[in-house]
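Following the hints, put chain S in place on chain B, whose structure we already have.
First to last, the sequence lines map onto chains B and S.
Quick note on our numbering: the first sequence kicks off at 1 and runs consecutively.
Quick note on our numbering: the second sequence kicks off at 1 and runs consecutively.
Note that these hints are calculated values from the structure, not bench results.
Cβ coordinates follow ideal geometry from the N, Cα and C atoms, glycine included.
Fair warning: there could be bad hints in the mix.
Which stretches of chain S does chain B cover? Using the computed rule of at least three CB atoms under 8 Å from a CB of chain B, they are [claimed, not checked]: (1) 13-19; (2) 100-114; (3) 152-158; (4) 280-288; (5) 293-299; (6) 306-316.
Residues of chain S placed beyond 10 Å of chain B at every Cβ, according to the derived structure [stated by the list, open to error]: (7) Glu-55; (8) Asn-162; (9) Phe-165; (10) Val-190; (11) Gln-224; (12) Pro-235; (13) Tyr-243.
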Amino acid sequence: MNDSAASPVAAAPERLPHFVSDAPFDRRGGERLSPELERYYRASQWKMMWWKLKRHRLAVVSGAILVVMYASILFSEIIAPYNLNTRHADFIYAPPQPIHLIHDGHFIGPYVYGFDYRLDLDTLRRTYTPNLAQVERLRFFCLGDRYKWWGVIPGRFHLVCPAEGGTLFVFGTDRLGRDMFSRLAYGARVSLTIGLIGITLSFLVGITLGGIAGYYGGWPDHLIQRSIEVLQSFPKLPLWMALSAALPVSWSPLYVYFGITIILGLLTWTGLARAVRSKLLALREEDFCTAAVLMGASPRRIIGRHLLPSFMSHLIASATLHIPQMILGETALSFLGLGLRPPITSWGVLLTEAQNINVVALYPWLMIPVVPVIVTVLAFNFLGDGLRDAADPYK
Amino acid sequence: MLSYIARRVFIMVPTLIAISAIVFIIIRLPPGDYLTTMMNELQSQGEGANIEKIEFLRQQYGMDRPAIEQYARWVIGLLQGDLGWSFEYNVPVAQLIGQRLLMSFLVAFTTLIFTYIIAFPIGIYSATHQYSWGDYGLTLLGFIGLATPSFLLALILLYLANVLFGTTIGGMMDEQYLGQPMSWAKFLSVLAHLWIPVVVLGTSSTAEMIRLLRANLLDELQKQYVVTGRAKGLPPGRLLVKYPLRMALNPFIADIGSILPHLISGSAIVSVVLSLPTNGPMLLRALQSQDMYLAGSFVMLEACLVVVGVFVSDLALAALDPRIRLQGGAMR
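Excised from the complex, chain B in its bound form:
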């Protein structure tokens, strides 16, 4: 540092060459931005959030997993090799068939071994042993069980089918010989959407009530605050249990589905409402809000158009963290027999089969539905954490 500073001083006595630029004078030259900087400064808030989120590797991976899972519920019928209720009377409580690639040193593509079935007459247990001579190659893009896609469009195209006359139970079968994997694929439809619909509901309620409380203050604020406190002092599960026990037995499965969703949604809005309220309390004192009031904007417009967008990202992040609670809640309720009931199939309904200790000891594959539950909940948690970090990109 010293050297470089000293040299111009030493050179000063010699005459410097006189230089005059003939380019026109640009007063703002110093403030000009390089293209990258300009891109950065002009980026919208959402774009900056995306840049910041991208750095959070785990959140991006979780997001991708969730996108794939949610995309899969569009095509459950095609992904599942069997129908939801296809029974295989010969294969009751069959264990999972692992997929192999190489048989006797030859590569023959994905295949499974057929089963040898034997009933143990002493214990009345069915035992299945893989028959190593019976190689059943899987078929891809094939025709199998007939179905109606979303209950409307008939078809029989499947992504993967068992060999002709063979079976394909990747995750085993249940007490009626129904393929667990197919049931899981169908169950995703209910389990995954219940969280989304529920969070939409609690989002709407939370924003509306939190908005009113935060913007108006005074007695509406007090009323809403107190009711939030009351709701929060209920132990959640007993309240859920009581409410879902109150759903009429005569309701059709679809009504029960919406009923449960509403119950789950109506009790989780409190956290969101609190967040909205505290943010609004701070923001309504800002100048831009006063300006909007002076220009004669209605309260609805001020809340919706000026105040909410400034912390929408925070709300989305915390909503993401709420979804797993609902998925777990649905699972627990269905497990207790208070939530969804067959014929509606969700992961929680599937888990009711794994209710006693015999299952853990004898048919552990009936517990597989817990894996997608854990994966989904984890993915939502990681994504939510990433979103929360990215929510304030100006930090």
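Just chain S, lined up with the frame of chain B:
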């Protein structure tokens, strides 16, 4: 401090009234009631003897009166310590609930202690060794604990305990100790059964606590006074415990309030799986058979427990941190 306590108690009253109203509405939501169902059943069987008794109960609890009057009777009864009559078990609710509530409380309390014992060291370790392998591993473990449905974890642990240690399945103690006076062997038996629900219930709340403590402690550790302390040559252990940890504890205590409902909710479902004599299974049964006073009193008592828990945690907070009680008004 005294005025603060008075204010808090004053706030609790309307909260409890609102809770009781909600509980009453909910348990009356299902169409029909237990007595009507029972009466129809008895009449179809041609029995007349019990109908008089049902009629008496109906009179006693004013089932034929408008809802508002029933509610008033129920609340007044609650205040006098009369929790109502369990139609299914044919005994006063208070008799049924007493012991079970004690068990629930035992489980919840043990779990709370367990949670603190586990969460404390791990949280401190995670914060002081941020981004180390230990931190990553423990965080991941915590996340998985959060994501696993508790009832399944309970089943698996139950199975493992049975296979590995030969613990009998279900219940709170071995059968031979039921109804026996307290003894060392009975105590050990209870302990052998208690650890499963405690671990299962504790897992998710422990995970939450660890995350909270880690985040709080990390915030504190970055502050100037820590740097100053370190520069002055304070030993690391002392530096950690004396200042930042104390600051990081504040939200921790505030969290007792929110962890209590969590524990009670959790114990409801875990007890069903483990067939513990806590209130979970009985509440479930009561809800299914519309035994309304039993179900209502359960939910009501649990809500009260939570309100009291929040109150206690608020008091502890106010005692620890004068800023809170001087601020007044809204809490938490």
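inquiry  = Can you confirm whether chain B covers the segment 306-316 of chain S, using C-beta to C-beta distances below 8 Å and requiring at least three such residues?
reply    = holds (count 3)
request  = Run the C-beta distances from Asn-162/S to all of chain B and say if the shortest one exceeds 10 Å.
outcome  = violated (7 Å)
ask   = Would you say the segment 13-19 of chain S counts as covered by chain B, given the rule of at least 3 residues with C-beta under 8 Å?
value = holds (count 4)
request  = Confirm or reject the coverage of the segment 280-288 of chain S by chain B under the rule of 3 or more residues with a beta carbon closer than 8 Å to the chain's beta carbons.
outcome  = Check passed, 4 qualifying residues.
request  = Apply the coverage criterion to the segment 100-114 of chain S and chain B: a residue qualifies when its Cβ sits closer than 8 Å to a Cβ of the chain, and three qualifying residues are needed.
outcome  = violated (count 0)
inquiry  = Please verify the coverage claim for the segment 152-158 of chain S: does it have three or more residues whose C-beta sits within 8 Å of some C-beta in chain B?
reply    = Since three or more residues must qualify, the claim that chain B covers the segment 152-158 of chain S holds, with 4 doing so at under 8 Å.
key: 10 Å Cβ clearance of Pro-235/S from chain B   = holds (34 Å)
inquiry  = Checking a non-interface call: every C-beta of chain B should be farther than 10 Å from the C-beta of Val-190/S. Is that right?
reply    = With a cut-off of 10 Å, Val-190/S remains clear of chain B, as the shortest Cβ separation is near 20 Å.
Non-interface claim for Glu-55/S, where every Cβ of chain B lies beyond 10 Å = Since the minimum Cβ distance to chain B is about 26 Å, Glu-55/S lies beyond 10 Å and the statement holds.
request  = Could you let me know if the closest chain B CB is still more than 10 Å away from the CB of Tyr-243/S?
outcome  = Non-interface label stands for Tyr-243/S: nearest chain B Cβ at 26 Å, farther than 10 Å.
request  = Quick one: see if chain B covers the segment 293-299 of chain S, three-plus residues with Cβ-Cβ under 8 Å.
outcome  = holds (count 3)
key: Outside-interface status for Gln-224/S - nearest CB in chain B farther than 10 Å   = holds (20 Å)
When held up to the earlier numbered hints, the structure conflicts with 2 and 8 and fits the remainder.
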